[in-house]
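**Q** Residues per chain are reported as follows:
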Amino acid sequence: MALMLLLPSLVVFGLFVYYPFGRTIWLGLFRTSPFGNRTTYVGFEQYADVLASSDFHHSLWVTLVFTVMTVPVGLALGLGLAVLAHQRLSGVGIYRTIFSSTVATSVAVASLMFIALLSPSVGLINQIIKGFDGDPIYFLQRPGWALIAVAAVTVWQNLGVTFIVISAGLQSVPDDLYESARLDGASAWMRFVDITLPLVSPTLLFGFVVLTITSFQTFGQIDLLTGGGPLDATNLIVFSIYTEAFRNFNPGVAAAQAVVLFLIVLALTVVQLKLVERRVFYG
Amino acid sequence: MPRSILIRLLALVATSALVASACGGDDGPDESGDPAGTAEVGDVPEADPESDLAAGCPVDVLDDADAPVPITMWHSMTVELNDALVALVNRYNSEQDQVDVELQFQGGYTESLDKYLTALRGGTRPTIVQLEETALQIGIDSESFVPMQACVDASGYSFDDHIDRTVAAYTVDGRLHAMPFNTSNPILYANMNMLRAAGVEELPTTVAEVREAAQAVVDSGLAPAGVTFTTSGWILEQWYGLAGEPFVDGDNGRGERATEVLLDTDLGHEIFEWLGTMVSDGLATNVGNGENAEHLIALATGQAAMTLHTSAALRSVKIAAVDFPDVEVAVGPMPSFGDIEGGTLVGGAALWIDGDTSDEERAASWDFIAWLNEPEQQAEWHAATGYIPIRRSAIVLPEVADLWAAEPEFRVAYDQLVAGEENIGSAGPVIGNHAQVRLDAIVPAFERMWIQGQAPDEALAEAKADADQIIADYTDRLG
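As given, the protein sequences belong to chains D and B, one line each in that order. Going by the working numbering, the first sequence opens with residue 97, and the numbers climb by one from there. Going by the working numbering, the second sequence opens with residue 604, and the numbers climb by one from there.
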């Protein structure tokens, strides 16, 4: 009976997750012609090549830097906005709607907006810089800025989800805790540090893990904003896999990279859960 | 910024993203009729009804079909270009009852090629697909298309009225592989108001004159830079074409499969040196890969006076320019290094007929493709977009004649295409993984030179090593 109930999801997962995943591992063992019609078995040599490739190391490093840039900032901003909006004020619903509105924005729309905002010639941000007699900044066209710019777009894009998730976490904190803390004379800061933070920490952990995984999977904004450039400054790992598979017509190498990425994300998630979970308070 | 301008700029961004990757063209600043020279590579194929190929495209079966034959065409046209293509297809569908064409937009040329190649491994394939010029060798290597020569042979088609080089560009081994449709080449876009204010009365026609004009603009303090460059590989190939020199070995990849890029030549060093010093001397800026039309926006907003861009964007640029009254858009032929002994390359895209098709579908595809190549359609297409009319007789039709009288900019790309000499260099390179050579070898070299100040000779040496490696890897995997 249990198996019967599981069957539908097993079929779906098997067909769309486990089978392609197995195929990917398999594909990584073959050197593939540009059209995938001729393959040569090379075994784990291709995996070894990928692990030794300096381009792959570079992509991993950029992805790591990107993750460090986006995840903590994203969580902190989401938490800040969620605490601000968790007040009994008239009209707070309007603010909640505004704060969560980026959920309704697709990556494509967000990217186009930021292309317009960041344009060196006509972008609002550079207009302001010029207003102060500064030189325009080529946010998306210079290696030093591009990753920061893409990270900013990503933080903005993720903010809505982070806000909603943390807000939900805040709803579950019992009001009487705050009430008695107030009676004891705890300041707003103490109430935040000693009550809010510990009680939403499970939610924060969840957000931390999910944001880390999504930042490792970032693709759309790279494709639209920078195309991985300039000089590979924004060549995040999934984008690199994409170009290897679909622009360089090298599916074997791309598959090997994808499997390595999977192992890294898996390891990272286990470490995150093991290390951070000890510091999480489940009430 | 008023909303309407923003929307136009975004539209321009969309158009530019499409065409930036794909431009080639052909050139020669003087106006002349026939291209001279008949090098073996670059010859226009003749129809041979007796050939073995002809059986692969039985064009007669269309007459026996009972109902309209439905065919699909994957394309990559956006904004004004899309509107123009839709108008053409609607007219074709209503004017005859043998074929019914359905257009399917597939994103940019890269996405379209990706999707097609993925579909080869089991997916829905189109009847016709529009692929950019860099896909020529990949299209041949995939062995998944009906060689267009089959339909040419079967129908006894004549290319007498075509601009030879548009046909020669898609001919490898004496066989036409794809039919030219939307042809473009790079032209010089300039803000004539700014140039005149700087004392430059005429558009520069050589790179030396571009440098002088840029110097005048910078000296007069009118703009921070005279020229904006995009980091795109096709500019480099265009200069090889103009000089009539092959970009890769094996007769530009048309005689034999290419094995190396011929960057380490006097011309190659001259181009890198010029591009590098223009930026290091503060006369030019690099505004990225051009996909967001930053170079055109820089022109529109007075950040620079000149840039190089595809002629296919001319209509979009003119529409956008209405919002910038200070800018007088002027266009001229692609400035050359020294004497022009070839021509700018035939850029844009061509139409391919998929091989997994029935006789009726092939015949229907050929009917439609041949119709698109007719002078009337080429004239309409040209006027709506800026793509070059590839038929000589198209330019005397009222649609083109009136347009050229009213907006002479539109004839620049045509003139430089027909003025080009026909030779191995101007036929353009055929490279296995052409797009990757541009994006992973040439573009990074420009970026290292322009952003990080790498010496031009070092940038060139690294570009050559990277490109040769990419070509070798592709050929090796092809088996």
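Keep in mind that the hints were calculated from the coordinates and are not lab data. Just so it is clear, CB atoms sit at the ideal spot from N, CA and C, and this is done for glycine as well. Hints may be right or wrong, so weigh each one.
Unchecked claim - Quick list of simulated restraints, FRET-style, between CB atoms:
(1) D/Val164 - B/Glu746: 23 to 29 Å
(2) B/Gly885 - D/Val164: 48 to 54 Å
(3) B/Ala811 - D/Gly176: 54 to 60 Å
(4) B/Ala811 - D/Val164: 47 to 53 Å
To be verified - Listing some non-contacts, in silico: residues in chain D with all C-beta distances to chain B over 12 Å:
(5) Val164
(6) Leu214
(7) Val218
(8) Leu320
(9) Leu321
(10) Ala329
(11) Phe342
(12) Tyr378
**Q** Among all the numbered hints in the text so far, which are the ones the structure does not match?
**A** Hints 1, 2, 6, 7, 8, 9, 10 and 11 are the ones this structure does not satisfy, whereas the remaining hints hold.
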